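Chemist: Below, each chain spelled out in residue letters.
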Amino acid sequence: MVDFFVSTFGMSPTVAAILAAGIQCALLLNVVAVGALVFIWMERKIAGRIQDRLGPTRVGGRFGWLQTLADGIKLIAKEDLTPADADALLFKLAPYISFAASFTAYMALPFSDGWVAVHVNAGVFFILAVLGLEVFGTILAGYASGSKWSLFGAIREAAQVVSYEVPLGLCVVVPVMICGTMDLVAIANMQSAGIWSWLIFHDPFTFCIFWIYFTCAMASVNRAPFDLAEAESELVAGFHTEYSGLRWSFFFMAEYGSMFLVSGLAVILFFGGWNGPLAIMSDKIIGVIPGLGLAGQPNAWGFIAGCVGAANFIMKATIGVTVMIWVRWTLPRLRIDQVMTMCLKYCVPLAAACFLGAVFVKAEIFGLGYLSVDAWLPGLRSDRLEVREGWMTEVEGEGVTLSTEKTLVHGDG
Amino acid sequence: MATNLEDPRIIEFDVRTDEMLVNMGPQHPSTHGVLRLVLRTDGEVISEVTPHLGYLHRCAEKIGENLTPRQWIPYTDRMDYLAAMNMNLGWSLVVEKLLDHELSDKAKHLRVIISELGRIASHLVGMGAYGLDLGTFSPFLYAFRERERILDLFEEVCGARLTYSYLTPGGATADLPTGWVDKVEAFLRQLEPIISDYHELLTTNAIFIKRTAGIGIMSAEMAIDYGCSGPVLRGSGVDYDLRRDGEERYTEMYDGYAYEVVVEKDGHYPQDRNYPKVPREAVLGDCWHRFYVRMLEVMQAMDLVEQGIEKYKSASGDWGVPIKLTQRLPKGDVYLETEAPRGQMGFYLVSDGSAIPWRVRARSSCFCNLSVTSELCPGCLIADVPAIVGSLDIVMGEIDR
Amino acid sequence: MSGESVLERLQKQFGDAITGANLDAIDPWIEVASTAIEEVCRYLKADNELQLDYLNCITGVDYFHSDPKKLQKMGEEPHTLLVYHLSSTAKKHTLVLKVRLPRWKDDREGDLPELPSVTSIWRTADWHEREVYDLSGVWFVGHPDLRRILCPEDWVGYPLRRDYEMPLEYHGIRGR
Chain A
1 MVDFFVSTFG MSPTVAAILA AGIQCALLLN VVAVGALVFI WMERKIAGRI QDRLGPTRVG
61 GRFGWLQTLA DGIKLIAKED LTPADADALL FKLAPYISFA ASFTAYMALP FSDGWVAVHV
121 NAGVFFILAV LGLEVFGTIL AGYASGSKWS LFGAIREAAQ VVSYEVPLGL CVVVPVMICG
181 TMDLVAIANM QSAGIWSWLI FHDPFTFCIF WIYFTCAMAS VNRAPFDLAE AESELVAGFH
241 TEYSGLRWSF FFMAEYGSMF LVSGLAVILF FGGWNGPLAI MSDKIIGVIP GLGLAGQPNA
301 WGFIAGCVGA ANFIMKATIG VTVMIWVRWT LPRLRIDQVM TMCLKYCVPL AAACFLGAVF
361 VKAEIFGLGY LSVDAWLPGL RSDRLEVREG WMTEVEGEGV TLSTEKTLVH GDG
Chain B
1 MATNLEDPRI IEFDVRTDEM LVNMGPQHPS THGVLRLVLR TDGEVISEVT PHLGYLHRCA
61 EKIGENLTPR QWIPYTDRMD YLAAMNMNLG WSLVVEKLLD HELSDKAKHL RVIISELGRI
121 ASHLVGMGAY GLDLGTFSPF LYAFRERERI LDLFEEVCGA RLTYSYLTPG GATADLPTGW
181 VDKVEAFLRQ LEPIISDYHE LLTTNAIFIK RTAGIGIMSA EMAIDYGCSG PVLRGSGVDY
241 DLRRDGEERY TEMYDGYAYE VVVEKDGHYP QDRNYPKVPR EAVLGDCWHR FYVRMLEVMQ
301 AMDLVEQGIE KYKSASGDWG VPIKLTQRLP KGDVYLETEA PRGQMGFYLV SDGSAIPWRV
361 RARSSCFCNL SVTSELCPGC LIADVPAIVG SLDIVMGEID R
Chain C
1 MSGESVLERL QKQFGDAITG ANLDAIDPWI EVASTAIEEV CRYLKADNEL QLDYLNCITG
61 VDYFHSDPKK LQKMGEEPHT LLVYHLSSTA KKHTLVLKVR LPRWKDDREG DLPELPSVTS
121 IWRTADWHER EVYDLSGVWF VGHPDLRRIL CPEDWVGYPL RRDYEMPLEY HGIRGR
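Residue numbers (our numbering), protein chains in the order written: chain A, 1 to 413; chain B, 1 to 401; chain C, 1 to 176.
For reference, chain A alone in the conformation it holds in the complex (with noise of 0.2 angstroms):
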């Protein structure tokens, strides 16, 4: 984008950097906050359907649409209460820290081909490492409140939250293993081919370990049966039981938008990111026809092609969420120490497990190779290595070649 004001309007780089900033920060605060709006309503509405009831039926017309801006309206109304034994300043700053943890690892994630904020090469491991910053926010929220119940929400999510990032690592080292590169965009291009290609059908291992990155994921974000911070029938409400209004609602978002990220990031890991079940978009079918280009590229079929992955992305996502607010009204709550028996005894062996046999298959050791698609669809192999080597090319040698024909085109230019 720096690129394009830089070529279109003359501007000097600093300005145009600036601006692009501006306007990728915009619009991904937008997804944050329109997202947590629907999936508020979502959940409603999902649990209302569960529950044998309607949910809001009212606000907007049909279907209560607008419920959660009407409850954000009154949120913003209410009167922002700060106790008396709370610190007053960590206890305002807590939500923010939430918030900014939730939204920052917003910044690397890719919704298509190339449309991420900032293309970060390490782009997993950034997520995983500033949402685990999210945690921060709630022992601030718990510490700062005054109150036992909070102290008692926040140390809960410390526990659970630290504990949970070993295995979700585990998880989400089997893909980066089998691509080879941590660059999301690049992982995701490389299960452009169709359904089969996406990493979850890799192998038997990558299949166990999706539901393992799912579960734990779940419990890294605190959602039910993991929502030990926030039990309302043992801890009140945990760790925002003294929080009201706005302040409270930003705890909200940063949990949506954490829902939406951890499964957007399984998307990307698992299910193909922007990529479709079959490769329409793919330069295999649509490519072929002269004058359409390759979905990535600069011109105008690339961005229409870049609207549907995105279209694609947030669809799949979606259905992540979805399932966890199905399993969170379903489901009853999980103990402290179960929880954590659940991850050390569980979780993590099985994850270490499933890593080990990927390596195996990875590496073809004890013949393992053959559990792997690769080996039975051979083109998948060098479709992957191509897809690499079009990223190493670039870190390699900026300016050295660009004329590799699958170069990939980044959002920041």
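For the record, the hints were derived by calculation from the structure and aren't laboratory data. Be aware that one or more of the hints could be misleading.
Said to hold, decoys possible - The calculated DSS-like cross-link candidates involving lysine-lysine, where the alpha carbons are at most 25 angstroms apart (straight line), are:
| id | chain 1 | residue 1 | chain 2 | residue 2 |
| --- | --- | --- | --- | --- |
| 1 | C | Lys12 | C | Lys98 |
| 2 | A | Lys74 | A | Lys92 |
| 3 | A | Lys92 | A | Lys78 |
| 4 | C | Lys12 | C | Lys92 |
| 5 | B | Lys324 | B | Lys62 |
| 6 | B | Lys331 | C | Lys98 |
| 7 | B | Lys265 | B | Lys277 |
| 8 | B | Lys62 | C | Lys70 |
| 9 | B | Lys62 | C | Lys73 |
| 10 | A | Lys45 | A | Lys74 |
| 11 | A | Lys345 | B | Lys210 |
| 12 | B | Lys265 | C | Lys92 |
| 13 | C | Lys73 | B | Lys331 |
| 14 | C | Lys98 | C | Lys73 |
| 15 | C | Lys69 | B | Lys331 |
| 16 | C | Lys92 | C | Lys45 |
| 17 | B | Lys183 | B | Lys313 |
| 18 | B | Lys265 | C | Lys91 |
| 19 | B | Lys265 | B | Lys210 |
| 20 | B | Lys62 | C | Lys98 |
| 21 | C | Lys69 | B | Lys62 |
| 22 | C | Lys45 | C | Lys98 |
| 23 | B | Lys331 | C | Lys70 |
| 24 | B | Lys62 | C | Lys105 |
| 25 | C | Lys45 | C | Lys91 |
Stated by the list, open to error - Interface residues of chain A toward chain B, partial, derived using beta-carbon atoms under 8 angstroms:
| id | residue |
| --- | --- |
| 26 | Gln51 |
| 27 | Phe152 |
| 28 | Pro225 |
| 29 | Glu234 |
| 30 | Thr330 |
| 31 | Leu331 |
| 32 | Arg333 |
| 33 | Asp337 |
| 34 | Gln338 |
From a predicted model like this one, the values you see are computed outputs, not experimental measurements. C-beta atoms are modelled at their ideal positions from N, C-alpha and C, and glycine is treated no differently.
With chain A held as given, fit chains B and C onto it using these hints.
Modeler: Chains B and C in isolation, oriented as in the chain A frame:
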């Protein structure tokens, strides 16, 4: 209770930190009203629980000393407001016992139908609220959906949905409306398949079992020692149900009814239907068993209502005309306990010969059931406190009176 | 086991401590001296044929009238009566014990009448005795934690006593 290091209930005594006093309630979401528990905790582990009562104390006994027995009926409604019919029944029987008032067969069957329907409604709330305590919201609404139907039926009978004042010394305020029993039968037919949903969502749910099995284990001796009753007592394996073992004035209501007391015998429950099996982790007397007894009692109560309807249709006599509002009571004192959904609800009436009792006393089942928390909770985690208190299925209105 | 034989056994065992009985009442009862209540209860629970292992209820009944005329008409000396309802989960029978206490210890108004606690026999007696203490004003000697249970801890008076008067004001809340 002091904590000592040898106490096996304290799990982490080598990483002892400062203890903390936490106040749970009276405005806490899972204390079923206005119970206040003061928890002494070491991290998440509880070392001492002190219940504090009285936030809902309305001096019902004192009021009873100023009203005639029939006037006091609405106050019994407000004790266990989730099973008001059973409260009415308990007080009515005591007054009838003092007056030596005999009921017709029809009135007795009417009372069985009504009180067992009340039991179903009450256990449904107990079940749903227990799910809520464990963090699952949906079964609560499923339970309330069915309870609403019972409330509709009760509304048709007496005009009220919560505080009925329907069963009265002498019988009931009115006969059952025409066609009402058919509606009850339709309701039962509709309820029966839904019970398996509840079992799927709660009883056999893996997380539910993990949260309840082996938690809050109460031995039979302890249950008797603490005066526990109802499902709490039977969940500990004590074969005691006042509908069978109580006083004749009460048990004769159930003469001719075929039912088995829901209690574990030789490792299994009376199996006349396809109940889910007891999971391996469950220990007799734990939260899971208390919950399970309640679930089975719903089925048992459904059976009893069905039989009651059959008998009611062919029974002779009237529905039991209430005694006069200002009926003089003979001098004397009587005590009678009935098997209310939450346990043995007893009423004691002392009369000096006037129309107004000299002293009225309500023996609350939840009061005794709750007293066991301070014994069950030490050593468990904070999350187990709602699980244990919820499994006792308390109603504060009855405890505080 | 019939009422007569229980009475006989108790009289044989405790002699004078059994101060009266009425076996023709609707609920037959046996009256026990206040000092002996603990031993009698221990015996009733331990005895193989009685096995009264379940304490249903403890009730305090106050016999008094603040109006002297009505007090005379009542036909009874002013006293506090404690009623213990016992039953057996194994033998399925019940028993009623009554204990007669003065309204005030040594007739000094304000000094609560005393009797031994039965908490060591049935633990459920803990809360029942607290309730009787709270509402009827009887002091149970040997109770581990005798505090008010239903009324607030700083409440004055014993509401179920016949001469109780609601306080005019409690922490700024109007009483009457």
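Chemist: Evaluate each hint against the coordinates.
Modeler: Consistency of the hints with the structure:
1. Taken as a hint, the Lys12 (chain C) and Lys98 (chain C) pair is honoured in the structure, with Cα atoms around 18 angstroms apart against an allowance of 25 angstroms.
2. Of the pairs offered as hints, the one joining Lys74 (chain A) and Lys92 (chain A) holds, with about 19 angstroms between alpha carbons and a cut-off of 25 angstroms not exceeded.
3. Annotation: proposed proximity of Lys92 (chain A) to Lys78 (chain A) holds, straight-line Cα distance about 15 angstroms (limit 25 angstroms).
4. The suggested pairing of Lys12 (chain C) with Lys92 (chain C) holds, with an alpha-carbon distance near 24 angstroms, which does not exceed 25 angstroms.
5. Annotation: proposed proximity of Lys324 (chain B) to Lys62 (chain B) holds, straight-line Cα distance about 22 angstroms (limit 25 angstroms).
6. Proposed proximity of Lys331 (chain B) and Lys98 (chain C) is supported: the alpha carbons are some 17 angstroms apart, at most 25 angstroms.
7. As the CA atoms of Lys265 (chain B) and Lys277 (chain B) are separated by approximately 14 angstroms, the hinted pair is consistent with the 25 angstroms bound.
8. Among the hinted pairs, Lys62 (chain B) with Lys70 (chain C) is consistent with the structure: their alpha-carbon atoms are about 19 angstroms apart, no more than 25 angstroms.
9. Between Lys62 (chain B) and Lys73 (chain C), the direct Cα distance comes to roughly 22 angstroms. Compliance with the 25 angstroms bound is thereby established for this hinted pair.
10. Simply put, Lys45 (chain A) and Lys74 (chain A) have alpha-carbon atoms about 20 angstroms apart, close enough for the 25 angstroms limit, and the pair holds.
11. Distance check on the hinted pair: Lys345 (chain A) and Lys210 (chain B) sit about 15 angstroms apart at the alpha-carbon level, within 25 angstroms; holds.
12. Between Lys265 (chain B) and Lys92 (chain C), the direct Cα distance comes to roughly 18 angstroms. Compliance with the 25 angstroms bound is thereby established for this hinted pair.
13. Proximity of Lys73 (chain C) to Lys331 (chain B) is assessed by CA-CA distance (about 14 angstroms); at most 25 angstroms being required, the pair is judged to hold.
14. Proximity of Lys98 (chain C) to Lys73 (chain C) is assessed by CA-CA distance (about 23 angstroms); at most 25 angstroms being required, the pair is judged to hold.
15. A hinted pair counts as satisfied when its Cα atoms are at most 25 angstroms apart, and Lys69 (chain C) with Lys331 (chain B) qualifies at roughly 20 angstroms.
16. With a C-alpha separation of about 13 angstroms, the suggested pairing of Lys92 (chain C) with Lys45 (chain C) holds against the 25 angstroms cut-off.
17. For the suggested pair Lys183 (chain B) and Lys313 (chain B), the alpha carbons sit about 14 angstroms apart, so the restraint of at most 25 angstroms is met.
18. Taking the CA atoms of Lys265 (chain B) and Lys91 (chain C), the gap is about 18 angstroms. The hint holds against a cut of 25 angstroms.
19. A C-alpha spacing of about 23 angstroms is found between Lys265 (chain B) and Lys210 (chain B), which places the hinted pair at or below 25 angstroms, so the restraint holds.
20. Proximity of Lys62 (chain B) to Lys98 (chain C) is assessed by CA-CA distance (about 21 angstroms); at most 25 angstroms being required, the pair is judged to hold.
21. Our distance criterion of 25 angstroms between C-alpha atoms is met by Lys69 (chain C) and Lys62 (chain B), whose separation comes to about 22 angstroms.
22. The hinted pair formed by Lys45 (chain C) and Lys98 (chain C) meets the criterion: a straight-line CA distance of about 16 angstroms does not exceed 25 angstroms.
23. Distance check on the hinted pair: Lys331 (chain B) and Lys70 (chain C) sit about 16 angstroms apart at the alpha-carbon level, within 25 angstroms; holds.
24. Proximity of Lys62 (chain B) to Lys105 (chain C) is assessed by CA-CA distance (about 24 angstroms); at most 25 angstroms being required, the pair is judged to hold.
25. Of the pairs offered as hints, the one joining Lys45 (chain C) and Lys91 (chain C) holds, with about 12 angstroms between alpha carbons and a cut-off of 25 angstroms not exceeded.
26. Annotation: interface hint on Gln51 (chain A) holds; nearest CB of chain B at approximately 4 angstroms, less than 8 angstroms.
27. Taking 8 angstroms as the C-beta contact cut-off toward chain B, the hint placing Phe152 (chain A) at the interface holds, the least distance being around 7 angstroms.
28. The interface hint given for Pro225 (chain A) holds, since its Cβ lies 6 angstroms from the closest Cβ of chain B, which is under the 8 angstroms cut-off.
29. At its closest, the beta carbon of Glu234 (chain A) sits 5 angstroms from a beta carbon of chain B; the interface hint therefore holds under the 8 angstroms criterion.
30. Interface restraint check: Thr330 (chain A) against chain B, minimum CB-CB distance 6 angstroms, threshold 8 angstroms, status holds.
31. A distance limit of 8 angstroms between C-beta atoms decides the matter here; for Leu331 (chain A) the minimum to chain B is near 5 angstroms, and the interface restraint holds.
32. Given the 8 angstroms rule on beta carbons, the hint for Arg333 (chain A) holds: about 3 angstroms separates it from the nearest Cβ of chain B.
33. Proximity of Asp337 (chain A) to chain B holds as hinted, the smallest CB-CB distance being about 6 angstroms (cut-off 8 angstroms).
34. Interface hint status for Gln338 (chain A): upheld, as the beta-carbon distance to the closest one in chain B is roughly 6 angstroms, under 8 angstroms.
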